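J.: Kindly produce the complete structure, drawing on both the sequences and the hints.
Residue numbers (our numbering), protein chains in the order written: chain A, 6 to 167; chain B, 6 to 167.
It is worth saying that the hints were derived from the structure and are not from the lab.
Please read all numbers here as calculations on a predicted model, not as lab measurements.
Be aware that a few hints might be false.
[Unchecked claim] Straight-line alpha carbon distances no greater than 35 Å define the calculated DSBU-like cross-link-like pairs of lysine-lysine that follow:
1) B:K88 to A:K88
2) A:K63 to B:K49
3) A:K152 to B:K152
4) B:K111 to A:K118
5) B:K73 to A:K111
6) B:K64 to A:K111
[Stated by the list, open to error] Listed below are several chain A residues computed to face chain B (Cβ distance under 10 Å; list not exhaustive):
7) C16
8) S17
9) L62
10) K64
11) V66
12) A75
13) Q77
14) A78
15) G110
16) K111
17) P128
18) S133
19) G136
20) E137
21) V144
22) G149
[As the list claims (entries may be wrong)] Derived DEER-like restraints, expressed as beta-carbon distance ranges:
23) B:E134 to A:G112: 15 to 21 Å
24) A:H56 to B:E60: 26 to 32 Å
25) A:K118 to B:A78: 53 to 59 Å
26) B:D140 to A:R80: 28 to 34 Å
27) A:D140 to B:R80: 26 to 32 Å
All C-beta atoms in this analysis are idealised placements derived from N, C-alpha and C, irrespective of residue type, glycine included.
2 protein chains.
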Amino acid sequence: MKWDEIENEVCSVSRTLAVVGDRWTMLIIRDAFLRVRRFDDFQKNLGMSRHRLSERLKKLVDYGVLKKEAYQANRYEYRLTEKGLELYPILISMAKWGDKWMDDGKGVPMLYKHNPCGHHYSPMVVCSECGEPIDPHDVTPQIGPGKFHNSRAHSACIEKAS
Amino acid sequence: MKWDEIENEVCSVSRTLAVVGDRWTMLIIRDAFLRVRRFDDFQKNLGMSRHRLSERLKKLVDYGVLKKEAYQANRYEYRLTEKGLELYPILISMAKWGDKWMDDGKGVPMLYKHNPCGHHYSPMVVCSECGEPIDPHDVTPQIGPGKFHNSRAHSACIEKAS
Chain A
6 MKWDEIENEV
16 CSVSRTLAVV
26 GDRWTMLIIR
36 DAFLRVRRFD
46 DFQKNLGMSR
56 HRLSERLKKL
66 VDYGVLKKEA
76 YQANRYEYRL
86 TEKGLELYPI
96 LISMAKWGDK
106 WMDDGKGVPM
116 LYKHNPCGHH
126 YSPMVVCSEC
136 GEPIDPHDVT
146 PQIGPGKFHN
156 SRAHSACIEK
166 AS
Chain B
6 MKWDEIENEV
16 CSVSRTLAVV
26 GDRWTMLIIR
36 DAFLRVRRFD
46 DFQKNLGMSR
56 HRLSERLKKL
66 VDYGVLKKEA
76 YQANRYEYRL
86 TEKGLELYPI
96 LISMAKWGDK
106 WMDDGKGVPM
116 LYKHNPCGHH
126 YSPMVVCSEC
136 GEPIDPHDVT
146 PQIGPGKFHN
156 SRAHSACIEK
166 AS
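T.: Here is the structure:
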């Protein structure tokens, strides 16, 4: 499998990685959640080349994750769309994992205040049906309706999983 | 900023991306959650070169995400450690996003049964403190204790965020 084929694999993780699997892309999205909106600010924060940034922003606009909006004549801002905002669970789960496992012993770099309750919070993943926290040992992956509509069925993997 | 500097940035998202920000790496982790354990099975499922796979597996073992265990003389399996298992919220959040936004109209490729309640579930991120679902508009990022222990403080970003 080559990387330009990844979007065609019938797996929602692969399809997501086709959009956000590039590390620079995920840092752009992080900054967008931190209210960074302008090209020069992204560039200053990330220290990446203008060419590379421009390419990544264009891809995110093409995928509908960011929208480009004029705030003055010929001056643009990049804002998260609904599709982009829904990347939040991925991003905050990355932050939580990094806080716990990649801490250098000096404490967490950022705290996240949940305004409605007023506390610094940590994200918890719970079951949509029963509300209990999810333990991955308690989850059984099963073949879904969309699995075999495509030539690449990733079958060995599924056999093991089911 | 270059990619080999990314781990040194004082940001838990960057630090996480230093471990799992490579797309092949994330697919290896996906397969590990689907109970794939042996080199040849990873190789067959992912269709990546043996050299590249070997390199990625070594990195994941070095980072403590996978452990390499002998199951026969000179035959090894790769299993998720506790650190690896805690990547689950990132992975399942990616699957949910892909299901919703990268669906090709043919239904979801995989379903996830939550064994304790018996239903197919979707992951929900809730606040650890009040238990309510998190809306990213309701979160205020704030500087944490570990932010300024390192030279690269990502300051412009924080000024905007706070």
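J.: Would the hint on S17 of chain A stand, with a C-beta cut-off of 10 Å toward chain B?
T.: OK, holds: S17 of chain A within 10 Å of chain B, min 3 Å.
J.: Have a go at the K111 of chain A hint: is there a Cβ in chain B nearer than 10 Å to its own Cβ?
T.: holds, 4 Å
J.: Holds or violated: is the Cβ of A78 of chain A closer than 10 Å to a Cβ in chain B?
T.: At about 24 Å, which exceeds the 10 Å cut-off, the nearest Cβ of chain B leaves the hint on A78 of chain A violated.
J.: Does K152 of chain A pair with K152 of chain B here, judged by a C-alpha cut-off of 35 Å?
T.: violated, 44 Å
J.: Is the interface hint satisfied for V66 of chain A? The criterion is a beta-carbon contact with chain B at less than 10 Å.
T.: violated, 15 Å
J.: Please check whether K64 of chain A passes as an interface residue: C-beta within 10 Å of a C-beta belonging to chain B.
T.: violated, 14 Å
J.: With a cut-off of 10 Å on the beta carbons, see whether S133 of chain A makes it to chain B.
T.: holds, 4 Å
J.: Would the hint on G149 of chain A stand, with a C-beta cut-off of 10 Å toward chain B?
T.: Cβ of G149 of chain A sits 4 Å from chain B, so the hint holds.
J.: Hint check: is the beta carbon of A75 of chain A less than 10 Å from a beta carbon of chain B?
T.: violated, 20 Å
J.: Taking the least C-beta to C-beta distance, is C16 of chain A closer than 10 Å to chain B?
T.: The hint holds - C16 of chain A has a Cβ within 10 Å of chain B, the shortest such distance being about 6 Å.
J.: Regarding the hint that Q77 of chain A lies at the interface with chain B, is the smallest CB-CB distance below 10 Å?
T.: Violated: closest Cβ of chain B sits about 19 Å from Q77 of chain A, beyond 10 Å.
J.: Hint V144 of chain A vs chain B: min CB-CB distance below 10 Å?
T.: holds, 5 Å
Hint violations for this structure: numbers 3, 4, 9, 10, 11, 12, 13, 14, all remaining hints satisfied.
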